[in-house]
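Visitor: Sequence:
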Amino acid sequence: MLIVMATLFGLAIGSFSCVVIDRLPVPLDEPNEFGERFTMRPWAEVAGGRSRCSACGTDVPAHLNVPVFAWLFLRGRCKNCGASIGAFHPMVEASVPLLWLALAWALGWGWTLVPMLWFVPVAVIVGVIDLRTLMVPTKLVWPAAGISVVLIAASAVGLGETAVVVGALLGAAVLSGALFVIWFAKPGGLGFGDVRLAVLIGLHIGALVGTGGMILVVFSVVLTMGVAAFVGLILGGVLWAQGNRRTAPVMPVTASSPEQRSPDDDLPTEASAQAMEGAAAVAGDEPEATGISTLAVPFGPALLAAALIVAAASPQLIYSLGL
Numbered sequence: 001m002l003i004v005m006a007t008l009f010g011l012a013i014g015s016f017s018c019v020v021i022d023r024l025p026v027p028l029d030e031p032n033e034f035g036e037r038f039t040m041r042p043w044a045e046v047a048g049g050r051s052r053c054s055a056c057g058t059d060v061p062a063h064l065n066v067p068v069f070a071w072l073f074l075r076g077r078c079k080n081c082g083a084s085i086g087a088f089h090p091m092v093e094a095s096v097p098l099l100w101l102a103l104a105w106a107l108g109w110g111w112t113l114v115p116m117l118w119f120v121p122v123a124v125i126v127g128v129i130d131l132r133t134l135m136v137p138t139k140l141v142w143p144a145a146g147i148s149v150v151l152i153a154a155s156a157v158g159l160g161e162t163a164v165v166v167g168a169l170l171g172a173a174v175l176s177g178a179l180f181v182i183w184f185a186k187p188g189g190l191g192f193g194d195v196r197l198a199v200l201i202g203l204h205i206g207a208l209v210g211t212g213g214m215i216l217v218v219f220s221v222v223l224t225m226g227v228a229a230f231v232g233l234i235l236g237g238v239l240w241a242q243g244n245r246r247t248a249p250v251m252p253v254t255a256s257s258p259e260q261r262s263p264d265d266d267l268p269t270e271a272s273a274q275a276m277e278g279a280a281a282v283a284g285d286e287p288e289a290t291g292i293s294t295l296a297v298p299f300g301p302a303l304l305a306a307a308l309i310v311a312a313a314s315p316q317l318i319y320s321l322g323l
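Residues in the sequence shown are numbered consecutively from 1, following full-length UniProt numbering.
Hints may be right or wrong, so weigh each one.
Simulated crosslink set (SDA-like; lysine to any residue; CA at most 25 Å straight-line) [stated by the list, open to error]:
#, residue 1, residue 2
1, K186, V227
2, K79, T58
3, K186, N32
4, K139, N32
5, K139, K79
6, K186, M225
7, K186, T138
8, K79, W43
9, K186, G237
10, K186, G110
11, K186, F219
These are calculated hints, taken from the structure and not from any lab test.
Nothing here was measured: the structure is a model prediction, and the numbers come from that model.
Hey, can you work out the whole structure from these sequences and the hints?
Guide: Structure below.
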């Protein structure tokens with residue numbers, strides 16, 4: 001029964017995640033003074049209003065807005081105008097309950113799982129937005145980190161382990177500090193948005209392994225970075241193959257937050273186009289030709305994927321390496 005409830009609620013959260021992904025970023029006609037090609041809508045506009053077809057603007061009735069199943073029933077097309085609805089929507093909707101169940105299987109149904117139930121939809125939203133726009137939405141990351149602190153503290157109380165909070169703080173400091181050093185040493189190679197995102201990720205990784213000792217927290221953070229580099233190479237290969245690019249990336253190769261680039265750097269313009277083409281290709285849509293021969297790969301999605309992998313492995317890490 002618990003699995004059924006988690007699946008249904010996860011589908012609902014996944015559906016709302018699609019809404020946030022679609023509505024939160026707003027493309028700008030021209031880059032602003034920070035080089036950004038996207039801005040973020042107010043939360044009231046993101047959460048308000050009914051779902052509409054992006055092609056004809058027709059409101060989607062409730063019975064045709066059921067996560068995953070509505071897309072399958074309509075065969076991926078709008079009932080009113082017949083416009084194609086990308087496979088991205090059911091993929092995102094299904095990802096939340098699937099990740100929830102996977103983590104529940106790895107971590108168990110207990111206090112340890114509670115903060116991760118929050119982290120999963122946030123990771124999906126941030127990862128997809130970063131993949132599409134090459135921007136980590138700070139408008140979401142900082143509030144999400146604040147809620148994570150509260151949930152991690154509640155988890156620590158429920159478990160009776162202050163080491164959970166200590167591990168969370170240490171994880172956030174080590175991971176964000178490491179990425180800050182990379183960002184500072186190699187300007188343009190990593191966006192400062194990834195440094196901010198590392199605070200959120202480090203909180204959760206540190207909380208999961210905090211009971212294993214400080215050394216295990218540091219090891220888990222380093223492991224997360226290593227897995228992220230590997231996932232990033234795979235992601236870059238997929239985007240390159242789907243977009244028929246001529247150059248391969250080295251992770252991390254571009255900023256997730258374009259505002260961190262110098263005014264003379266034209267990568268935000270090119271990178272945004274490439275990332276959106278690559279995301280469209282992954283979702284099953286045909287990318288448009290832009291004449292750009294380089295490939296930009298956001299590091300945020302790889303970092304988030306690595307965090308979920310390490311999170312699932314955290315019980316084994318504590319058992320094998322905990323001090």
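Visitor: Given the hinted pair K79 and W43, is their alpha-carbon gap at most 25 Å?
Guide: violated, 29 Å
Visitor: Would the hint linking K79 and T58 be met if the CA-CA limit is 25 Å?
Guide: Within the cut-off at roughly 10 Å; holds.
Visitor: Holds or violated: are the alpha carbons of K186 and F219 at most 25 Å from each other?
Guide: Holds, at about 23 Å.
Visitor: Against the 25 Å threshold, does the CA-CA distance of K186 and G237 hold or violate the hint?
Guide: holds, 23 Å
Visitor: Next pair to validate is K139 with K79; report whether the Cα-Cα distance is within 25 Å.
Guide: violated, 34 Å
Visitor: Can the restraint linking K186 and V227 be considered satisfied, given a maximum Cα separation of 25 Å?
Guide: Holds, because 20 Å separates the two Cα atoms, which is no more than 25 Å.
Visitor: For the pair supplied as a hint, K186 and N32, confirm whether the alpha-carbon distance does not exceed 25 Å.
Guide: holds, 23 Å
Visitor: Hinted pair, alpha-carbon criterion (25 Å max): K186, G110. Please report holds or violated.
Guide: violated, 41 Å
Visitor: Please work out if K186 and M225 have their alpha carbons no farther apart than 25 Å.
Guide: Given pair K186, M225 holds - Cα atoms ~16 Å apart, limit 25 Å.
Visitor: Does T138 sit within 25 Å of K186, going by the straight-line distance between their CA atoms?
Guide: Within the cut-off at roughly 21 Å; holds.
Visitor: Hey, K139 versus N32, does the alpha-carbon distance stay inside 25 Å?
Guide: Holds - the C-alpha atoms of N32 and K139 are around 17 Å apart, at most 25 Å.
Going through the hint list in order, the structure does not satisfy hints 5, 8 and 10.
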